[in-house]
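Chains as they are written, first to last, in full-length UniProt numbering: chain P, 1 to 258; chain F, 1 to 297.
Think of the hints as simulated: they come from the structure by calculation, not from any bench. Please note: incorrect hints may appear among the correct ones.
Unchecked claim - Computed cross-link-like contacts, DSS-like style, restricted to lysine-lysine with a CA-CA straight-line distance of at most 30 Å: (1) 170(F) - 92(P); (2) 146(P) - 222(P); (3) 85(F) - 127(P); (4) 146(P) - 277(F); (5) 170(F) - 127(P); (6) 93(P) - 85(F); (7) 93(P) - 54(F); (8) 92(P) - 278(F); (9) 127(P) - 146(P).
Stated by the list, open to error - Chain P is nowhere near these chain F residues, computed Cβ spacing over 12 Å in every case: (10) 76; (11) 130; (12) 139; (13) 162; (14) 165.
These numbers were taken from a predicted model, which means no experiment stands behind them. Even glycine gets a Cβ: it sits at the ideal position worked out from N, Cα and C.
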Amino acid sequence: MSTILALKNVTKQFGGLTAVGDMCFDVKKDSISGLIGPNGAGKTTIFNLITGIYNVTEGEILFEGNRVDGLQPYQIADTGITRTFQNIRLFKKLTTYENILTACHYNTDYSILDAVIRNKKFRTGEKKLHQQVQELLEIMELTDRKDAVASNLPYGLQRRLEIARALALKPKLLLLDEPAAGMNPDETIRLMNLIKEVRDRFNLTVLVIEHHMDLIMGICDKIVVLNFGKKLAEGTTQEIQSNSKVIEAYLGEEDVIC
Amino acid sequence: MGWYYIQGILILSGIYLMAVLGLSLLTGFTGLFSFGHAGFMAVGAYTTAAMTIKFNVPFILALLIGGLAAALVSLVIGKLTLNLKGDYFCIATLGFGEAIRLILDNVQYFGGARGWPGIPLKTGLMNVIIFNVIAVVILVNLIKSRHGRNLQAIREEEMASQIIGINVFKYKMISLAISAAYAGIAGGMLAHYTGFLQPKMFQLIKSTELTIMVIFGGLGSISGSIIGAIVLTSLPEVLRAFDRWRLVVYGASVIFIMITRPQGLMGGYEITITNIKKLISRITSLGKKKHTIGGDN
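The following block holds chain F by itself, in its conformation from the complex (with noise of 0.2 Å):
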């Protein structure tokens, strides 16, 4: 393994990261589940690619642009959905997923199911690293505060968190926004990483992957949500040795971990300064406490 192949596990492991960033607000905070982030990927995508190809806008402010335009489409979607109550909102999005596929598939204008090649490739382990830095910081200042908690609140218990005057429509809408915006800028980066463009390329499997990869982190982490999207897009390809059955032990891993901690790796639990302090504490105190008998913990 050269050290080519390793940068571009980590570039791949980066763009899906900075995707897995987004859905892990709307999924692992504010308790929305989401199939259609590939459609949004795609949007960001495309509408990235054609900033910089077609009116050779800066890479990073394309970037932006990607990001935006998929937030707005998500708001539109969101508006539609996301007063219903119960399972409609997936369900919506799952079909926006594909939707957006097939349209893509017939949009000469970007290729259509051809593909489009020639975009250039301005993705690099550098600026991904910074782009994820930057959306880390973003993500946890914004949940550290009174809209994070509102989130949380609407997560945990929807009824009650208006009537402690939480606008729960208003906060879906701003925490799908927010990670359809990670969402387009991952899309984004993938577009100018893989320097071609396919339909294909954002099938349902990719949103799947995604929801999994959170899901497998742990729902409400981010520490979670960043080790789940750097294993499992690694995996793949740390099992290359298996050939055909490498799929088959990813999947296996998957079930093993929502078996034996269904709660994800990380559980709700962030791994912070505070966090790991406390930890040594416990197990050194754990080691004291043999000695005495009682107590009730």
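Chain P on its own, in the form it takes in the complex (with noise of 0.2 Å):
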């Protein structure tokens, strides 16, 4: 397997602050990795990083071996690296429909001009992203929840909803942050097994942060584990659960698993 993401000595610091610290690790492609860590270990920074929304101050981020450092956010976005947020951020006032559906925007080109003179190029397109929308909606199990407000949703399909979303833009690789918070045991074994299921049928390599040990454990292939931003560990499920530097900075008494 091929390494899709790679971090080089990534610093991350602000002010007098080290969040993230000289990372360094490979996303294989076609893989889901795991990334661990005490609250405030540099996770969602990492995430931050990949994803445009910091600078990185030293370092490299490769994506495919191209440099995806110092891109703006959208145009890493067409790389096609997207991700979604701990605290969920959907267009709150639109529609499930009209969330997915302005994530679509992709898949066609039709420029402003032909949108206002509403020109064959302009209703193929829009045909096309409709189409899509209704795929991914019956992927993603919202299809009864489509004229839903998004804020109106319960929290555990937003989350889903956040996913399709993101899988809107036909991504490679896909950052899922804390996709399980908030759930309860029954609702994060089906969300695993939409992550895997999603992972087969889009072809994606998946980053994933978590606190919850079931679902780590369950589907990731590879976890990096961190700690005051620093990697502590990186390795297989096994490896990391057998590593006692691990157990002793963040999992604790073994009854701590949860």
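Bring the two chains, given one by one in their own frames, into a single complex with the hints.
Here's what the structure looks like:
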């Protein structure tokens, strides 16, 4: 398997505080990788660096061999990286359908003039988008909620919608920031299956931040453990589970594992 | 009230409607507040008037040139300020509006502060209506396309829009430019309706009035903006009988709407045939529902 994303000596400093220091890790194509660590370890900062919301202070981020650090977030989305947010960021006043439809905008290219005069290019383009939205709604089991305003959806469905919106871009790499936060064990298991299914269906590579160890251990091929902005350990689920440093820093006593 | 008087109010409403439509795109659909749209109207008004008087350009072409000039000016403002976060854009437009007025006060070529009389009267009820219909159609078509959806996405959640690949800066510029072009055309129509231009006509209060009209009608609703423009332009005229108190009543009625309907008259809804049908079916089903108990709606 080839490497799709590589972080090379990435450092991010906020003033005097080093949020992420000298970070190196690779993500293999078509894998599901986990990023874990205690609160404040720098997990979300890494996501923000990859997606261009923050600029790296030092180091390189390579996506499919090309440098993506220094690009604007929308340009990074162009290359095929997208994400979800820890605190859900949907287009709150728009419906489920409109949320996904907006994100589909990539898959057609009519101009403003085409839209104003409603020519054939516009009509075929829109038709294509609406078909794509229908497909995504079915895959993500949101069809019956398609006219619901996003902010009125139950929490679990909002997370699901955010993933659906990300998938509308047809990304190559999907970053999930605590997708199971606030979900009960049942929903978490369903989410696990969904992530796997989506990965296979869309040929995705997934990088996921999560505190639910069930989910992380259940789906990840590889796990990177962070603590205080540094990489603590890296390896398969078995390796991480038996790593004494990780147990000490993050998992604590065995009965804390939930 | 003679027909001439009513016609005058309608034309004035139509002119402001044009500017409000543009502002609606910027404020209602993109979420950017501007307090400098009177400035864009001024740019459009003076450019259009200069075109028809000094260069003998046909009225319609002059209007389009006026709109274009306003759009170009707005692009310069946008380039400098749209990258800023928060309210800086709003403050910059406020400064711009005042600056334009003061510049015009001192440009003797356009008559300076004394004003510029003798502009040919070319704006009539007919062409105002035609322009507004075209403007509404363009705006609706734009909003109901991927470009319009991108603008709304930016209004809702800027960071998430970037993540799904929307070039936020570019779309804000587009929105601002179109909005300014509308204001410019409105200014041109105003110039050729009153026949006289004076920088004082484009004070800050005009910009606020336009913003009030958009908010009054409801952010993110074109039909709301239309109602807002027509109601709030004609209201001071209807209230003429109150003499000195009319502006008090005007202000009170705006406050009343803001308190009772903070989302504006239309509150983001549009008047369309399907929506009217939905409303009627909801009213009729409401009548039937009274006989049944339960249901979570």
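Hint check results:
In summary, the hint linking residue 170(F) to residue 92(P) is supported, as the alpha carbons are separated by about 22 Å, within the 30 Å threshold. Between the alpha carbons of residue 146(P) and residue 222(P) the distance comes to roughly 35 Å, so the proposed pair goes past 30 Å and is violated. Proposed proximity of residue 85(F) and residue 127(P) is contradicted: the alpha carbons are some 36 Å apart, above 30 Å. Of the supplied pair hints, the one linking residue 146(P) and residue 277(F) holds, its CA atoms being roughly 20 Å apart against a limit of 30 Å.
Only pairs whose Cα atoms come within 30 Å are accepted, and residue 170(F) paired with residue 127(P) is accepted, the gap being roughly 25 Å. With a CA separation close to 22 Å, the supplied pair residue 93(P) and residue 85(F) stays within the 30 Å bound. A C-alpha spacing of about 49 Å is found between residue 93(P) and residue 54(F), which places the hinted pair above 30 Å, so the restraint is violated. Restraint check for residue 92(P) and residue 278(F): satisfied, since their Cα atoms lie roughly 23 Å apart, inside the 30 Å limit.
This hinted pair checks out: residue 127(P) and residue 146(P) have alpha carbons roughly 17 Å apart, not beyond 30 Å. No Cβ of chain P approaches the Cβ of residue 76(F) within 12 Å, the least distance being about 20 Å, so the stated non-interface status holds. At roughly 17 Å, the least C-beta separation between residue 130(F) and chain P is larger than 12 Å, which holds for a residue marked as non-interface. For residue 139(F), the requirement that its beta carbon stay farther than 12 Å from each beta carbon of chain P is not met, with the minimum near 9 Å.
With a least beta-carbon separation of about 4 Å from chain P, residue 162(F) fails to lie farther than 12 Å from that chain, contradicting its non-interface assignment. Not every CB of chain P lies more than 12 Å from the CB of residue 165(F), the least distance being 3 Å, so the non-interface label is violated.
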